[in-house]
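K.L.:
For this one, chain A is given, so just place chain B on it according to the hints.
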Amino acid sequence: MTTTESFASEAANSPTAPIVHLEDVGKSYGNIQALRGVSLSVRQGEITCVLGDNGAGKSTLIKIIAGLHDYTSGTMSVNGEERHFASPRESLDSGIATVYQDLALAPLMSVWRNFFLGNELTRGPFRQLDERAMKRIANEELTKMGISIPDLEQPVGKLSGGQRQCVAIARAIHFGAKVLILDEPTAALGVNQSGVVLKYVVKARDAGIGVIFITHNPHHAYLVGNHFVVLKLGRVALDTQRADITLEQLTTEMAGGSELEALSHELRDLAPDAVADVQDAIQAQEKE
Amino acid sequence: MASTITSPATADDRVSARSVGARLLSRPEIGSLVGAAVILVFFLIAAPPFRDINNTGTILYQAALVGVMAVPVALLMIGGEFDLSAGVAVTTSGLTAGLFAYQFSVNVWLGILIALAVSLAVGAFNGWLLMRTGLPSFLVTLGTFFILQGLNIAVTRLASGAVASNSISDMDGFGAAQKVFASEFKLGGVTIKIIIVWWIVFVAIAAWVLLKTQIGNWIFAVGGDAAAARAVGVPVKKVKIGLFMAVGFFAWFAGMQLLFVQNGVVQSGEGVGKEFVYIIAAVVGGCLLTGGYGSVAGGAIGALIFGMVQLGVVYAGWNPDWFKAFLGTMLLLATIVNLVVKNRAEAR
Numbered sequence: 001m002t003t004t005e006s007f008a009s010e011a012a013n014s015p016t017a018p019i020v021h022l023e024d025v026g027k028s029y030g031n032i033q034a035l036r037g038v039s040l041s042v043r044q045g046e047i048t049c050v051l052g053d054n055g056a057g058k059s060t061l062i063k064i065i066a067g068l069h070d071y072t073s074g075t076m077s078v079n080g081e082e083r084h085f086a087s088p089r090e091s092l093d094s095g096i097a098t099v100y101q102d103l104a105l106a107p108l109m110s111v112w113r114n115f116f117l118g119n120e121l122t123r124g125p126f127r128q129l130d131e132r133a134m135k136r137i138a139n140e141e142l143t144k145m146g147i148s149i150p151d152l153e154q155p156v157g158k159l160s161g162g163q164r165q166c167v168a169i170a171r172a173i174h175f176g177a178k179v180l181i182l183d184e185p186t187a188a189l190g191v192n193q194s195g196v197v198l199k200y201v202v203k204a205r206d207a208g209i210g211v212i213f214i215t216h217n218p219h220h221a222y223l224v225g226n227h228f229v230v231l232k233l234g235r236v237a238l239d240t241q242r243a244d245i246t247l248e249q250l251t252t253e254m255a256g257g258s259e260l261e262a263l264s265h266e267l268r269d270l271a272p273d274a275v276a277d278v279q280d281a282i283q284a285q286e287k288e
Numbered sequence: 001m002a003s004t005i006t007s008p009a010t011a012d013d014r015v016s017a018r019s020v021g022a023r024l025l026s027r028p029e030i031g032s033l034v035g036a037a038v039i040l041v042f043f044l045i046a047a048p049p050f051r052d053i054n055n056t057g058t059i060l061y062q063a064a065l066v067g068v069m070a071v072p073v074a075l076l077m078i079g080g081e082f083d084l085s086a087g088v089a090v091t092t093s094g095l096t097a098g099l100f101a102y103q104f105s106v107n108v109w110l111g112i113l114i115a116l117a118v119s120l121a122v123g124a125f126n127g128w129l130l131m132r133t134g135l136p137s138f139l140v141t142l143g144t145f146f147i148l149q150g151l152n153i154a155v156t157r158l159a160s161g162a163v164a165s166n167s168i169s170d171m172d173g174f175g176a177a178q179k180v181f182a183s184e185f186k187l188g189g190v191t192i193k194i195i196i197v198w199w200i201v202f203v204a205i206a207a208w209v210l211l212k213t214q215i216g217n218w219i220f221a222v223g224g225d226a227a228a229a230r231a232v233g234v235p236v237k238k239v240k241i242g243l244f245m246a247v248g249f250f251a252w253f254a255g256m257q258l259l260f261v262q263n264g265v266v267q268s269g270e271g272v273g274k275e276f277v278y279i280i281a282a283v284v285g286g287c288l289l290t291g292g293y294g295s296v297a298g299g300a301i302g303a304l305i306f307g308m309v310q311l312g313v314v315y316a317g318w319n320p321d322w323f324k325a326f327l328g329t330m331l332l333l334a335t336i337v338n339l340v341v342k343n344r345a346e347a348r
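Those protein sequence lines, which keep their order, are chains A and B. The C-terminal position of the first sequence is numbered 288 in our numbering, with every residue numbered one higher than the one before it. The C-terminal position of the second sequence is numbered 348 in our numbering, with every residue numbered one higher than the one before it.
These are calculated hints, taken from the structure and not from any lab test. Don't take each hint at face value.
To be verified - Keeping only pairs whose Cα atoms sit at most 16 Å apart, straight-line, the calculated EDC-like set for lysine to aspartate or glutamate is:
| # | chain 1 | residue 1 | chain 2 | residue 2 |
| --- | --- | --- | --- | --- |
| 1 | A | Lys-203 | A | Glu-141 |
| 2 | B | Lys-212 | A | Glu-131 |
| 3 | B | Lys-212 | A | Glu-153 |
| 4 | A | Lys-144 | A | Asp-206 |
| 5 | A | Lys-178 | A | Glu-153 |
| 6 | B | Lys-212 | A | Asp-130 |
| 7 | B | Lys-212 | A | Glu-120 |
| 8 | A | Lys-178 | A | Glu-120 |
What the hints assert, rightly or not - Just the calculated beta-carbon pair ranges, DEER-fashion:
| # | chain 1 | residue 1 | chain 2 | residue 2 | range |
| --- | --- | --- | --- | --- | --- |
| 9 | A | Asp-53 | B | Val-38 | 56 to 62 Å |
| 10 | A | Asp-70 | B | Val-180 | 50 to 56 Å |
| 11 | B | Ala-227 | A | Leu-233 | 36 to 42 Å |
| 12 | B | Thr-133 | A | Asn-119 | 27 to 33 Å |
| 13 | A | Asp-53 | B | Pro-136 | 33 to 39 Å |
| 14 | A | Arg-132 | B | Thr-133 | 39 to 45 Å |
The C-beta atom is built at its ideal place from N, Cα and C for all residues, glycine as well.
Looking at chain A on its own, in the form it has when it is part of the complex (with noise of 0.2 Å):
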């Protein structure tokens, strides 16, 4: 049996067991709480997409479990072991890679460079760079997930942003990545951009990496997720399975649900003729 199987076995087998568990966790920022009371679970060979509007707590949220900031309240076990991180080397070294929406590469570096920053291969006695070698592994895993870059040496900053973020991606799993977040991976992408990127995640997903998938894009999340958790004023406002929830659901709860409706009742008595209902909105941007 190799890992992978065992890996996804494993996984299924216990899929009670999950690699990060936050039970009840939030984080104040002096009076502020940005988060509270929010629990989650991340299975290997699973997508956790983790929806929510701006401010929600999704950044707080992901920098809690990348070790960026710790917790102030709850619990997070990763491994079964509860765990405050206290940098981001930590939370690497238990397994867990983020790729941020910066994504984490030196613009004007080489590709090849990007790739192993941080990590560089080197041999000899003066511990020189492993050129050779570097390249070939970079070349391998790009194309293992489907990316085509014949120039190794040309900088990062001249990919497209899809491209770049699948160089990102790709690092994180070369690394050992076990749990791979990925902070709204396709928000300043276009459409055939967003399809790529897509695809790896559920390639990393295929390897039985579990994936915490951060987008305020119903669209996107529904398209790949397993479980999906929906984030309001740093609450956890939705929390299900795929088979329990319809896109046009995930869509009205993401888009506010309720507030949105009562919104759209209040601007109608203002402007009876100008503002549609909101259910006629979302079921037509469905259909399209």
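P.N.:
Then chain B, alone, in the frame of chain A:
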């Protein structure tokens, strides 16, 4: 794989591999290399003494005086910072060694070691304060520039009663130290100052470190995007403090050269304005002021251009007043070339 068309790895047909020429043109030092060639040919034609092989040693010496400091200044600039105190730090180093050895009547080598410690400490202080406060390096090193400039004069006057350090030329260890830092030898009739040899060695080592080691990769990364570097585990603070300490180390070396070439006396007011010359050499050599891009070899070529122009103007029999105007023009041209290069590299 049989079906290359359906393979997800099919190359994007909009991207073609870059030609060798295009790759060569995208090297950071290419602009300065072309500039150096043009200036060389120009002065070979315009200034007859420039063609005299005996003057080659003098030109290289002028270049090395700038070039030794251009090495760490280029590295620091690639790492995203610059150091306005680098010029006076050289004087501080020379004064420290001279004054310490004289005042405490100890072997010259002990003074040299104390100067090394002081120089490294100044660099570490710059780096530490920068990382601690998050202020721009312009402000932090402008502060240390004035502090060192003031201390140089004040401490010298306090210790020696004059504006120069006391001569240490008759003290123990002076001869050996002078051999190391400021001797000269003949090579095929050309007088070569030892600092030229040191300069070449330093450039070779620093270029190797920058391009072929992990530290070098980290220097590019902290200058290119410090937040990104930190996120993947690069010790950003250590790298930046280390770069400032490298400036300290080279300032120590240049200070020793200054001390021993002037027979053990250093003028306390020296060095002001030199920091800009080092920065010019690095920028002309293709280093981006904003960091993340550049080369050590480029800084060396920048220093060589500086040496050639400085002496070329003299050899051509022109008024040396023109030199600075020439230098400024070159700086502007170089930065424009660099800007174009950067925009091209970042173009999507």
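K.L.:
Measure nothing beyond the straight line between the CA atoms of A:Lys-144 and A:Asp-206; if it is 16 Å or shorter, mark the hint as holding.
P.N.:
Between A:Lys-144 and A:Asp-206 the Cα gap is close to 13 Å, so the pair holds against 16 Å.
K.L.:
Is the Cα-Cα distance between B:Lys-212 and A:Glu-131 16 Å or less?
P.N.:
Given pair B:Lys-212, A:Glu-131 holds - Cα atoms ~8 Å apart, limit 16 Å.
K.L.:
Take a quick look at whether A:Lys-178 and A:Glu-120 sit within 16 Å of each other, Cα to Cα.
P.N.:
20 Å, violated
K.L.:
Taking the Cβ atom of A:Asp-53 and the Cβ atom of B:Val-38, is their distance within the range 56 to 62 Å?
P.N.:
Once the Cβ atoms are compared, 59 Å apart, the range 56 to 62 Å for B:Val-38 and A:Asp-53 holds.
K.L.:
Tell me if the beta carbons of A:Arg-132 and B:Thr-133 are separated by a distance inside 39 to 45 Å.
P.N.:
At roughly 42 Å between Cβ atoms, B:Thr-133 and A:Arg-132 fall inside 39 to 45 Å, so the hint holds.
K.L.:
Tell me if the straight-line CA distance from B:Lys-212 to A:Glu-153 falls inside 16 Å.
P.N.:
14 Å, holds
K.L.:
Check whether the Cα positions of B:Lys-212 and A:Asp-130 lie no farther apart than 16 Å.
P.N.:
Status holds; Cα separation ~8 Å.
K.L.:
For the pair we were handed, B:Lys-212 and A:Glu-120, check the Cα-Cα distance against 16 Å.
P.N.:
Holds, because 11 Å separates the two Cα atoms, which is no more than 16 Å.
K.L.:
Okay, B:Ala-227 versus A:Leu-233 on CB: inside 36 to 42 Å?
P.N.:
Distance hint for B:Ala-227, A:Leu-233 is violated at roughly 28 Å.
K.L.:
Within 50 to 56 Å: is that where the Cβ-Cβ distance between A:Asp-70 and B:Val-180 falls?
P.N.:
53 Å, holds
K.L.:
Can the restraint linking A:Lys-178 and A:Glu-153 be considered satisfied, given a maximum Cα separation of 16 Å?
P.N.:
Distance ~29 Å between A:Lys-178 and A:Glu-153 Cα, so the pair is violated.
K.L.:
Does the alpha-carbon distance linking A:Lys-203 and A:Glu-141 stay inside the 16 Å limit?
P.N.:
Distance of about 12 Å is within 16 Å: holds.
Of the hints listed earlier, those the structure fails to meet are numbers 5, 8 and 11, in rising order.
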